[in-house]
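**Student:** With the sequences and hints as input, model every part of the structure.
2 protein chains.
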Amino acid sequence: MTDDETRAQELLGELRRSIDNLDAVLVHTLAERFRCTQEVGKLKAGHGLPPADPAREAVQIARLERLAVESGLDPEFAKKFMRFIVDEVIHHHRKFQN
Amino acid sequence: MTDDETRAQELLGELRRSIDNLDAVLVHTLAERFRCTQEVGKLKAGHGLPPADPAREAVQIARLERLAVESGLDPEFAKKFMRFIVDEVIHHHRKFQN
Numbered sequence: 001m002t003d004d005e006t007r008a009q010e011l012l013g014e015l016r017r018s019i020d021n022l023d024a025v026l027v028h029t030l031a032e033r034f035r036c037t038q039e040v041g042k043l044k045a046g047h048g049l050p051p052a053d054p055a056r057e058a059v060q061i062a063r064l065e066r067l068a069v070e071s072g073l074d075p076e077f078a079k080k081f082m083r084f085i086v087d088e089v090i091h092h093h094r095k096f097q098n
Numbered sequence: 099m100t101d102d103e104t105r106a107q108e109l110l111g112e113l114r115r116s117i118d119n120l121d122a123v124l125v126h127t128l129a130e131r132f133r134c135t136q137e138v139g140k141l142k143a144g145h146g147l148p149p150a151d152p153a154r155e156a157v158q159i160a161r162l163e164r165l166a167v168e169s170g171l172d173p174e175f176a177k178k179f180m181r182f183i184v185d186e187v188i189h190h191h192r193k194f195q196n
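Read top to bottom, the protein sequences are chains A and B.
Sequential numbering of the first sequence, starting at 1, is according to our numbering.
Sequential numbering of the second sequence, starting at 99, is according to our numbering.
Because the hints were derived from the structure by calculation, they are not lab data.
One or more of the hints may lead you astray.
[To be verified] Cut-off 20 Å, straight-line C-alpha distance, at most; resulting in silico cross-link-like pairs (SDA-like, lysine to any residue):
no.	chain 1	residue 1	chain 2	residue 2
1	A	K42	B	D118
2	B	K178	A	E88
3	A	K79	A	A55
4	A	K79	B	E130
5	A	K42	B	D172
6	A	K80	A	A52
7	A	K80	B	N119
8	B	K193	B	L141
9	B	K178	A	R33
10	A	K80	B	V187
11	B	K142	A	L11
12	A	K80	A	D53
13	B	K177	A	T29
14	A	K95	A	D53
15	A	K95	A	Q38
16	A	K42	B	L113
17	B	K193	B	D151
18	B	K140	B	R154
19	B	K178	A	M82
20	B	K178	A	L22
As the structure is a prediction and not an experimental result, all values here were calculated from the model.
**Tutor:** Given below as structure tokens:
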């Protein structure tokens, strides 16, 4: 391995350690978010509210697009990501109501 | 609105404020994660390394499954989530190499 290759491998290792730490943040944050949405699901089921709430989702998505722009995340990806999470939550709420 | 309905709406509002805060954490963490993976992409492109690394991905997924169990997140969802993120990253790396 050349010096340049060794340095590249070192840099790759450093970046991967940061990525692993950030992934731990993501998993724990998602776990907490699902704890909250489970409570929302119980409340909705207990009061006959529909599992999906398009008005709330529109506000959430607009806000996340703004946060994405501010933080340098691709806003299209942020929307795709939010859709991915919200679909999972609605799927949980439906399971809970059935 | 009955007292019970008012209380339910209050609780829903509280939970949604927590969800909004957690979403801000998710967006900023994802933004930082993509900053890291962009650097990884540059390193890989600069050294002729392939965009995907199945061995690294297998280790990441196993670790995240463990973190998911510890934090009370559905490990199947954690795997689906990681696949979603990694696919986006590989897509970015390919764009960078072309």
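**Student:** Now tell me, hint by hint, if it's right for this structure.
**Tutor:** Results for each hint:
With a C-alpha separation of about 19 Å, the suggested pair K42 of chain A and D118 of chain B falls inside the 20 Å cut-off, and the hint holds. With a CA separation close to 11 Å, the supplied pair K178 of chain B and E88 of chain A stays within the 20 Å bound. Distance check on the hinted pair: K79 of chain A and A55 of chain A sit about 15 Å apart at the alpha-carbon level, within 20 Å; holds. For the hint linking K79 of chain A to E130 of chain B, the alpha-carbon distance of about 17 Å falls within 20 Å, and the restraint holds.
A threshold of 20 Å between alpha carbons decides the hint, and for K42 of chain A with D172 of chain B the separation of about 18 Å falls inside it, so the pair holds. Between the alpha carbons of K80 of chain A and A52 of chain A the distance comes to roughly 17 Å, so the proposed pair stays at or under 20 Å and holds. With a C-alpha separation of about 19 Å, the suggested pairing of K80 of chain A with N119 of chain B holds against the 20 Å cut-off. Distance restraint check for K193 of chain B and L141 of chain B: the Cα-Cα separation of roughly 14 Å lies within the 20 Å cut-off, and the hinted pair is therefore satisfied.
At roughly 16 Å between alpha-carbon atoms, K178 of chain B and R33 of chain A fall within 20 Å of each other, so this suggested pair holds. A distance of roughly 14 Å separates the Cα atoms of K80 of chain A and V187 of chain B; the hinted pair therefore holds under the 20 Å criterion. Annotation: proposed proximity of K142 of chain B to L11 of chain A holds, straight-line Cα distance about 11 Å (limit 20 Å). This hinted pair checks out: K80 of chain A and D53 of chain A have alpha carbons roughly 18 Å apart, not beyond 20 Å.
Between K177 of chain B and T29 of chain A, the direct Cα distance comes to roughly 15 Å. Compliance with the 20 Å bound is thereby established for this hinted pair. Between the alpha carbons of K95 of chain A and D53 of chain A the distance comes to roughly 16 Å, so the proposed pair stays at or under 20 Å and holds. For the hint linking K95 of chain A to Q38 of chain A, the alpha-carbon distance of about 11 Å falls within 20 Å, and the restraint holds. Between K42 of chain A and L113 of chain B the CA atoms are separated by roughly 12 Å; this keeps the pair inside 20 Å, and the hint holds.
With a C-alpha separation of about 16 Å, the suggested pair K193 of chain B and D151 of chain B falls inside the 20 Å cut-off, and the hint holds. With a C-alpha separation of about 17 Å, the suggested pair K140 of chain B and R154 of chain B falls inside the 20 Å cut-off, and the hint holds. A C-alpha spacing of about 14 Å is found between K178 of chain B and M82 of chain A, which places the hinted pair at or below 20 Å, so the restraint holds. For the proposed pair K178 of chain B and L22 of chain A, the alpha carbon gap of about 17 Å is at most 20 Å, so the pair holds.
When each numbered hint is compared with the structure, no violation occurs for any of them.
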